[in-house]
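Asks: Residue-level listing of the chains:
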Amino acid sequence: DAGITQSPRHKVTETGTPVTLRCHQTENHRYMYWYRQDPGHGLRLIHYSYGVKDTDKGEVSDGYSVSRSKTEDFLLTLESATSSQTSVYFCAISQFAGTGALRDYGYTFGSGTRLTVV
Amino acid sequence: AQKITQTQPGMFVQEKEAVTLDCTYDTSDQSYGLFWYKQPSSGEMIFLIYQGSYDEQNATEGRYSLNFQKARKSANLVISASQLGDSAMYFCAMRGDGGFKTIFGAGTRLFVKA
Numbered sequence: 001d002a003g004i005t006q007s008p009r010h011k012v013t014e015t016g017t018p019v020t021l022r023c024h025q026t027e028n029h030r031y032m033y034w035y036r037q038d039p040g041h042g043l044r045l046i047h048y049s050y051g052v053k054d055t056d057k058g059e060v061s062d063g064y065s066v067s068r069s070k071t072e073d074f075l076l077t078l079e080s081a082t083s084s085q086t087s088v089y090f091c092a093i094s095q096f097a098g099t100g101a102l103r104d105y106g107y108t109f110g111s112g113t114r115l116t117v118v
Numbered sequence: 001a002q003k004i005t006q007t008q009p010g011m012f013v014q015e016k017e018a019v020t021l022d023c024t025y026d027t028s029d030q031s032y033g034l035f036w037y038k039q040p041s042s043g044e045m046i047f048l049i050y051q052g053s054y055d056e057q058n059a060t061e062g063r064y065s066l067n068f069q070k071a072r073k074s075a076n077l078v079i080s081a082s083q084l085g086d087s088a089m090y091f092c093a094m095r096g097d098g099g100f101k102t103i104f105g106a107g108t109r110l111f112v113k114a
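Keeping their order, the protein sequence lines are chains Z and P. The numbering of the first sequence is this note's numbering, which starts it at 1 and goes up by one. The numbering of the second sequence is this note's numbering, which starts it at 1 and goes up by one.
Among the clues, some could well be false.
Think about it this way: if two alpha-carbon atoms lie no more than 27 angstroms apart in a straight line, the pair counts; the simulated DSS-like pairs of lysine-lysine are [unchecked claim]: (1) 53(Z) with 101(P); (2) 57(Z) with 3(P); (3) 101(P) with 57(Z); (4) 101(P) with 70(Z).
By construction, these hints were calculated from the structure, which means they are not laboratory data.
Isolated chain Z (complex conformation):
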């Protein structure tokens, strides 16, 4: 009954091939995000979406593109995979953006995709 699922969970791909990761939510949250997690760096934002067809870049967007054609789906594409893109990729959803609210429930994360580029 998870409200957010990522697929695939694991993937090994060759350098130079395109790869698409999928994030699917059933919570009807407006905001969706893609992060990558690397040792010593915490999580870094790749791209995010604030509505259907509304997306923007994060701090490490080079080599990645995203699409959101439906509220529930947010796709991350590595256009030509490189070894530096070997990482764990997390999708997240949130009800809120903005700042300073008295209550906020943060992100709900997917289980992650472990991507290895060889």
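Given the coordinates of chain Z, assemble chain P onto it according to the supplied hints.
Replies: Only chain P this time, still in chain Z's reference frame:
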């Protein structure tokens, strides 16, 4: 530029004792939100607690409290009565004005000893 700093790569605590995980942040925004997340060895990310910058009271959620010192720009997580299941990686995070982007610190790995 905004930044989150977690200076403790790893910490040990005895079961049933309290532990404080440090977090300092840097921002010029007047309005921001601070978050803590837990990542157990299984890999999932779990939201723990939130503090709004305008809230003068420290946030609490069960055994978790956030020691918010605005003037010092610190947002330390306090876990009371540590349990073995608290062994995990803990991330401090901040969302500033503009509201979409949350940045994360590098994390602190907590080990709870029996």
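Asks: Run every hint past the structure and note whether it holds.
Replies: For each hint, the structure was consulted:
1. For the given pair, residue 53(Z) sits about 18 angstroms from residue 101(P) by alpha-carbon distance, which is consistent with the 27 angstroms threshold.
2. Distance hint between residue 57(Z) and residue 3(P) is fulfilled; the C-alpha atoms sit about 18 angstroms from each other, no more than 27 angstroms.
3. Proximity of residue 101(P) to residue 57(Z) is assessed by CA-CA distance (about 10 angstroms); at most 27 angstroms being required, the pair is judged to hold.
4. A C-alpha spacing of about 21 angstroms is found between residue 101(P) and residue 70(Z), which places the hinted pair at or below 27 angstroms, so the restraint holds.
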